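K.L.:
Using the sequences provided together with the hints, build the complete structure.
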Amino acid sequence: MQLLKKLKKGSPGWYILTLVIIFFLLLPNFNIIINLFAEVSENWEHVREYLLINYFHNTLILILGSGFLSALLGAGLAWLIIAYDFPGRRFLNWALILPLAVPPYIGAYVYAGIFNFTGPVQRLLRNYFSITIEQRYFDLMNLRGAVFIYTIFLFPYVYLMTKAFLAKQSSSLLESSRLLGKSDYSIFLKIILPLSRGAIIAGSSLVIMEVLNDYGVVKYFGISTFTTAIFNSWFGMGDLATSVRLAVTAMLLIVVILFIEKLLRGGRKYSYSTSKLRPLRRRQLSGRSKFLAMFLSYSVFTVAFIIPMFQLIYWSILSRGGNFSEVLNHALTSFFTAAGAAAIIIIGAVIVANTARMSSKLIANILGRITILGYSIPGAVIAVGILLFMLQLDLLFDYLNLYFGIETNLVLSSTLLMLIFAYTVRFLGIAFNSVDSGYDKIGESYFEAARTLGKGVTTTFFKVDLPMLKPALLSGYLLVFIEVMKELPLTLILRPFNFDTLATRAFEYANDEMIYRAADLSLVLIIFSALAIYIITHQRRRRKNAAEN
Amino acid sequence: MQLKISDLSFSYNKKEKVLNDFNLEINKGEVAALVGRSGSGKSTILRLTAGLEIPDSGRIEIAGKTVVDEQKFLAPEKRKVGMVFQDYALFPHLNVYQNISFGIDHLSKKKRKERTAELLELVNLAGFEKRYPHQLSGGQQQRIALARTLAPGPKLLLLDEPFSNLDTELRDKIRKELKSIIKEIGITTILVSHDKNDAEFMAEKEILLN
Numbered sequence: 001m002q003l004l005k006k007l008k009k010g011s012p013g014w015y016i017l018t019l020v021i022i023f024f025l026l027l028p029n030f031n032i033i034i035n036l037f038a039e040v041s042e043n044w045e046h047v048r049e050y051l052l053i054n055y056f057h058n059t060l061i062l063i064l065g066s067g068f069l070s071a072l073l074g075a076g077l078a079w080l081i082i083a084y085d086f087p088g089r090r091f092l093n094w095a096l097i098l099p100l101a102v103p104p105y106i107g108a109y110v111y112a113g114i115f116n117f118t119g120p121v122q123r124l125l126r127n128y129f130s131i132t133i134e135q136r137y138f139d140l141m142n143l144r145g146a147v148f149i150y151t152i153f154l155f156p157y158v159y160l161m162t163k164a165f166l167a168k169q170s171s172s173l174l175e176s177s178r179l180l181g182k183s184d185y186s187i188f189l190k191i192i193l194p195l196s197r198g199a200i201i202a203g204s205s206l207v208i209m210e211v212l213n214d215y216g217v218v219k220y221f222g223i224s225t226f227t228t229a230i231f232n233s234w235f236g237m238g239d240l241a242t243s244v245r246l247a248v249t250a251m252l253l254i255v256v257i258l259f260i261e262k263l264l265r266g267g268r269k270y271s272y273s274t275s276k277l278r279p280l281r282r283r284q285l286s287g288r289s290k291f292l293a294m295f296l297s298y299s300v301f302t303v304a305f306i307i308p309m310f311q312l313i314y315w316s317i318l319s320r321g322g323n324f325s326e327v328l329n330h331a332l333t334s335f336f337t338a339a340g341a342a343a344i345i346i347i348g349a350v351i352v353a354n355t356a357r358m359s360s361k362l363i364a365n366i367l368g369r370i371t372i373l374g375y376s377i378p379g380a381v382i383a384v385g386i387l388l389f390m391l392q393l394d395l396l397f398d399y400l401n402l403y404f405g406i407e408t409n410l411v412l413s414s415t416l417l418m419l420i421f422a423y424t425v426r427f428l429g430i431a432f433n434s435v436d437s438g439y440d441k442i443g444e445s446y447f448e449a450a451r452t453l454g455k456g457v458t459t460t461f462f463k464v465d466l467p468m469l470k471p472a473l474l475s476g477y478l479l480v481f482i483e484v485m486k487e488l489p490l491t492l493i494l495r496p497f498n499f500d501t502l503a504t505r506a507f508e509y510a511n512d513e514m515i516y517r518a519a520d521l522s523l524v525l526i527i528f529s530a531l532a533i534y535i536i537t538h539q540r541r542r543r544k545n546a547a548e549n
Numbered sequence: 001m002q003l004k005i006s007d008l009s010f011s012y013n014k015k016e017k018v019l020n021d022f023n024l025e026i027n028k029g030e031v032a033a034l035v036g037r038s039g040s041g042k043s044t045i046l047r048l049t050a051g052l053e054i055p056d057s058g059r060i061e062i063a064g065k066t067v068v069d070e071q072k073f074l075a076p077e078k079r080k081v082g083m084v085f086q087d088y089a090l091f092p093h094l095n096v097y098q099n100i101s102f103g104i105d106h107l108s109k110k111k112r113k114e115r116t117a118e119l120l121e122l123v124n125l126a127g128f129e130k131r132y133p134h135q136l137s138g139g140q141q142q143r144i145a146l147a148r149t150l151a152p153g154p155k156l157l158l159l160d161e162p163f164s165n166l167d168t169e170l171r172d173k174i175r176k177e178l179k180s181i182i183k184e185i186g187i188t189t190i191l192v193s194h195d196k197n198d199a200e201f202m203a204e205k206e207i208l209l210n
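Protein chains in written order, with full-length UniProt numbering: chain Y, 1 to 549; chain E, 1 to 210.
The set of hints was computed from the structure by calculation and includes no laboratory data. Everything numeric in this text was worked out from a predicted model, so none of it was measured. Hints may contain errors.
Stated by the list, open to error - One-sided and incomplete, this derived list gives chain Y residues near chain E with beta-carbon spacing under 7 Å: (1) Val327; (2) Ala331; (3) Ser445; (4) Tyr446; (5) Glu448; (6) Ala449; (7) Arg451; (8) Thr452; (9) Lys455; (10) Val464; (11) Pro467; (12) Pro471.
To be verified - The list that follows gives simulated cross-link-like pairs (lysine-lysine, DSSO-like), each with its CA atoms no further than 30 Å apart: (13) Lys196/E to Lys361/Y; (14) Lys441/Y to Lys14/E; (15) Lys183/E to Lys130/E; (16) Lys463/Y to Lys14/E; (17) Lys262/Y to Lys15/E; (18) Lys14/E to Lys113/E.
Said to hold, decoys possible - Sample of chain E residues with no beta-carbon within 12 Å of chain Y, all distances over it, derived: (19) Asp21; (20) Asn23; (21) Pro92; (22) Phe102; (23) Lys110; (24) Lys111; (25) Leu136; (26) Glu169; (27) Asp172; (28) Glu200; (29) Phe201; (30) Glu204.
For glycine and all other residues, C-beta sits at the position ideal for the given N, C-alpha and C.
P.N.:
Structure (structure tokens):
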């Protein structure tokens, strides 16, 4: 009876499917942890003694710097957009999410190009103003530059989270603070910031996860981090043992970060005692503050989206040289890979979310944690875990071959299947979160009503849950689609031979200093992602309008 | 005996018991009201009877058949218990006809049509088949929810706070209507209310919970 109570209203099929999914999600991590006790190679001794401290140092500066700065930028802009009205606010409201469409590694080579000695900034200063400034003042290819790149292209995570949180706050909160004689400035510092701390930290930790995962920016800027080190030991030296060691060390770092995040968010959860909330009413800005607000938000948008776009278009025009078919080819590969992977991932996420919803809170929480685990672990680490697993499988097939004469030859390593498996491990959490919040919005009573009307769990799922979840499914699907489009480290390590996405090809061109050729590919990639963002934000708006009418 | 609850205990968490050895007997065709403050466990009794929650211990029998005890747990879809939810839970993506016929889709199309028309007649909303839930008033939504619940012919009707979402003017009218519908079909009913007046008006039997 007690076990039944924990599983509550479930049906065994859903639990079995979920267990299978969870098993595969955890597999690469187990593989890494088990290998912790394997023999170490000479390389590892060298890495540990001379290089590890450097990796830690660089990684820490990158995550602390970009975590903090994107918190500042994201929370500030969210507050501006939610609490005030000024010309362009409606546009900026969603436009400030667009920088997410630009993968940081593309942003990195674009800005490095803009600021280098032959770039437009230096040329302008030299040719028109006859000012010569030493290049080192403009040098972006260092830790500071990387923090700048991460901040401007990843701050929308904090912006989105904080905005969603603030939109749910009551206006009486602000009104009473104003009546108590507080200025807007001190309301922001004393009320809004502490109140939205949880949302801001959740957003920053997403930024930190992305920074830890990144390979493109640090590689292009020549900064050594765990991810680049894993790449070097695997690609450069073919030393799996060392890359596993590095992966384990990186995972330890992540455990510490997750722990600190939990600590910072704290047990404090503020919520309202009444259910009737009046949403915040925006205050019309005028005069100087209006221009300041416009200037701030438009400059962020310009720096984080307009300038990179113009630079890419300019390069793309310069490169006119018949690589249209190449672009089309990679665009199709990228599109179908992302579309297919996102479909598989959303189906998996729906299965797990439906099971979580039928289970007790404890089990639901555990399921949520496990799905999001993959997102907290850098792609390079996941890749190592999956490689280990696939190599074991192939070894197994080899035995089969030996004893039963079944003809196999590295069937599974480096296939599209393995890559999609890796995407699933990494991105299932994103889809799960969308579906799960969709279930939250629907509530329990439709499900229960269908059950009392004589429908089982599975029939209810198809007839009631699925149609009502549609908007959440679409957002989840598109979010994963964008992530797979932009994905670099997993794809670079695990892709089959001759398999190139827009992301991998653009990165390789940029890395080989063939920036003009990377431009077309990057533009197509950004346009795909930007379109997906547009659909997500505007489907929400359409529904909101429908609800108001 | 249409419903027999014996020694039923239930808790949402380890700290506090919502129900402790609760007993209840309701005869066939009887209308009973569970009255009590919020948190007294009255809605929980409905949810346990419907199979939406699983008790810590105890037994529930419906029409002489055990639906839950120490060994057995019959899933809600197999209990033939109808429940009208406090927020009605009409499926927003289905129209009135589809909502009402949701629980009787094993019938032929013709039978389904007849049954739905009959029920709409019963709740005085004939001709509303094509409307969607958001196009109905609160009172109309409740009547559709009732029709949907009655459609499969449940052995037991559970009403969770049937008057809580209605304004005072409507309340009186709805109470009368609901009472006459229940009398007309003679179904065994348990309703939950925090208002003693509602309970007195509707029910032959009142059970106070504290």
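K.L.:
Compare the structure with each hint and give your call.
P.N.:
The hints, checked one at a time:
no.: 1; hint: Val327; in the structure: violated (41 Å)
no.: 2; hint: Ala331; in the structure: violated (35 Å)
no.: 3; hint: Ser445; in the structure: holds (4 Å)
no.: 4; hint: Tyr446; in the structure: holds (5 Å)
no.: 5; hint: Glu448; in the structure: holds (5 Å)
no.: 6; hint: Ala449; in the structure: holds (4 Å)
no.: 7; hint: Arg451; in the structure: holds (4 Å)
no.: 8; hint: Thr452; in the structure: holds (5 Å)
no.: 9; hint: Lys455; in the structure: holds (6 Å)
no.: 10; hint: Val464; in the structure: holds (6 Å)
no.: 11; hint: Pro467; in the structure: holds (5 Å)
no.: 12; hint: Pro471; in the structure: violated (11 Å)
no.: 13; hint: Lys196/E to Lys361/Y; in the structure: violated (35 Å)
no.: 14; hint: Lys441/Y to Lys14/E; in the structure: holds (27 Å)
no.: 15; hint: Lys183/E to Lys130/E; in the structure: holds (28 Å)
no.: 16; hint: Lys463/Y to Lys14/E; in the structure: violated (35 Å)
no.: 17; hint: Lys262/Y to Lys15/E; in the structure: holds (26 Å)
no.: 18; hint: Lys14/E to Lys113/E; in the structure: violated (48 Å)
no.: 19; hint: Asp21; in the structure: holds (16 Å)
no.: 20; hint: Asn23; in the structure: holds (19 Å)
no.: 21; hint: Pro92; in the structure: violated (7 Å)
no.: 22; hint: Phe102; in the structure: violated (6 Å)
no.: 23; hint: Lys110; in the structure: holds (20 Å)
no.: 24; hint: Lys111; in the structure: holds (15 Å)
no.: 25; hint: Leu136; in the structure: holds (16 Å)
no.: 26; hint: Glu169; in the structure: holds (21 Å)
no.: 27; hint: Asp172; in the structure: holds (26 Å)
no.: 28; hint: Glu200; in the structure: holds (27 Å)
no.: 29; hint: Phe201; in the structure: holds (25 Å)
no.: 30; hint: Glu204; in the structure: holds (24 Å)
Hints 1, 2, 12, 13, 16, 18, 21 and 22 from the earlier list are contradicted by this structure; the remaining hints agree with it.
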